[in-house]
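Sequences are here, hints too, so could you generate the full structure?
Residue-level listing of the chains:
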Amino acid sequence: MARTTPTHTPAPKYILACLISMALLFSDVSYQAFSPLRSSVQAIGIYSQLFLETITSRLLEFTNAYEDQKTLTRLNNQLRDELQEIDNKLFLQEQSQLMSKSMIDLQDHLQVLGNQGEGKVLKIASFGLQDYLCCSQHILHLHSPPQFDIAINLPVAVDQTFIGQTSKKHLNLIEVILFSDTSHILPVKIQGLHCNAQGTGKPRLARCIVSEEFKRTDIQESSLVMTSGLGGVFPKGVIIGRVLSIHEISTKEFKIDIALSGNPLDHNYFGILLSS
Amino acid sequence: MKFQTHLFIFASIFLGFWLDSVIAEFNIRTYISALENLPYLLETSIGFLILCYWIYAIPEKIQSSTAFFYGLLVDLCFGSAIGFNMLFFSGISYVIHVYVFRFRIFSYLQLIIFFAGSSMFYVACKYLIFSPENYSYLLLFCSFLMNGLLWLPIYFCMRSLRRGFL
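Protein chains in written order, with the numbering used here: chain C, 742 to 1017; chain B, -11 to 154.
Have a look at the derived ranges for each label pair, beta carbon to beta carbon: (1) ALA(-1)(B) - GLU808(C): 30 to 40 Å; (2) TYR788(C) - PHE89(B): 44 to 54 Å; (3) ILE761(C) - ALA12(B): 21 to 31 Å; (4) LEU97(B) - GLU794(C): 38 to 48 Å; (5) ILE787(C) - LEU7(B): 16 to 26 Å; (6) ALA(-1)(B) - LEU778(C): 19 to 29 Å; (7) ILE761(C) - HIS(-6)(B): 17 to 27 Å; (8) GLU823(C) - ALA12(B): 56 to 66 Å; (9) LEU154(B) - TYR788(C): 24 to 34 Å; (10) HIS(-6)(B) - GLU794(C): 24 to 34 Å; (11) ILE787(C) - PHE89(B): 43 to 53 Å; (12) ARG90(B) - TYR788(C): 43 to 53 Å; (13) LEU7(B) - LEU778(C): 21 to 31 Å; (14) LEU778(C) - PRO141(B): 27 to 37 Å.
Which bits of chain C does chain B cover? Going by a derived footprint, with three or more residues having C-beta under 8 Å, they are: (15) 754 to 766; (16) 777 to 786.
Keep in mind that the hints were calculated from the coordinates and are not lab data. Here the structure is a predicted model, which is why all the values come from computation and not from measurement. Beta carbons: idealized from backbone N, C-alpha and C, even for Gly.
Right under this line is the structure:
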């Protein structure tokens, strides 16, 4: 049996390696032969360490700055959202107050217009704007409250004047025909002169055709136009507009254009005078 | 052997020597004043033991030239005299190569004694060459015990790494 386990270990190579190592070690320990090399390697190590530390610190600074910026951005967004929410709340509150005020005012006006009569404030459902701006049919629809019966031919008011009258009822919608509709005729009184103001199909414009009797009155531009109450629908003496212009059609006929006061485009709520 | 394998083995040896330097820097005598007058007793050789494990585990892949080159790199990286680790790496590589199959039938205790003794010899030579005034038998004895305790954790840790990555 062999003293050692046989392996393929070429001893000369190890002996050579050991001899070289010993020679290098001796030269380095005794004569500092590799001191510059060692110093260079150590310097490289130190510089690498410093470089890595610098890079790491820069990276940390950048990360911190980024985190700060992210936090500030998030805070900014949060504050902006809160501000927007507050703005929205204030706006809604303001609108609610305005709406309440508008409804209260309208209710008061209705009482005045109807001579302390009963009135009902209704919200608009739709408005035929295209027809209103171009054509002869000027109609709007109001929401009728459930279980509330509203008759046709009732005055419809905004602010302190009338703008039209109820004409039809479809389910819970009430159709209102405006004074400017060509099919609507309203008996009015201008400076003591009675005439029938017919809609022209143009927004807020009605027209009276009068005879030469007109010359005996002092009607002029800006004269007040009031309801005469002769139609049986509107109470008398309510100002609905002013004379816009007077034109002579022939020697015996004159045309008086009336600018109506009530503007349906400015309102969401309309009052219906139930009794006067 | 692939370059990645060499890199992996050298990285583990480098890590061991780095741990040795960290442990050496952590001088417990500065924290406990009662130990101030005692000589330095804690000298680990984790890097040397890791190299021993690799030669023991894959002797056919770590030959004389590899051990020589690893020693050169360790000498350069850790600022020790050029040739010291080269010499001991080549020497221990030869010894392990000669007795590698006998080591395979050794028990853990026998392996501990052998490798702890090798590392003690390494430490002894290191002190004799570079710091003879601090050389003491107590230091060698403590190093023997410490490296003996360290062998088994290093052995199992390196074995799991070898099976996992190589």
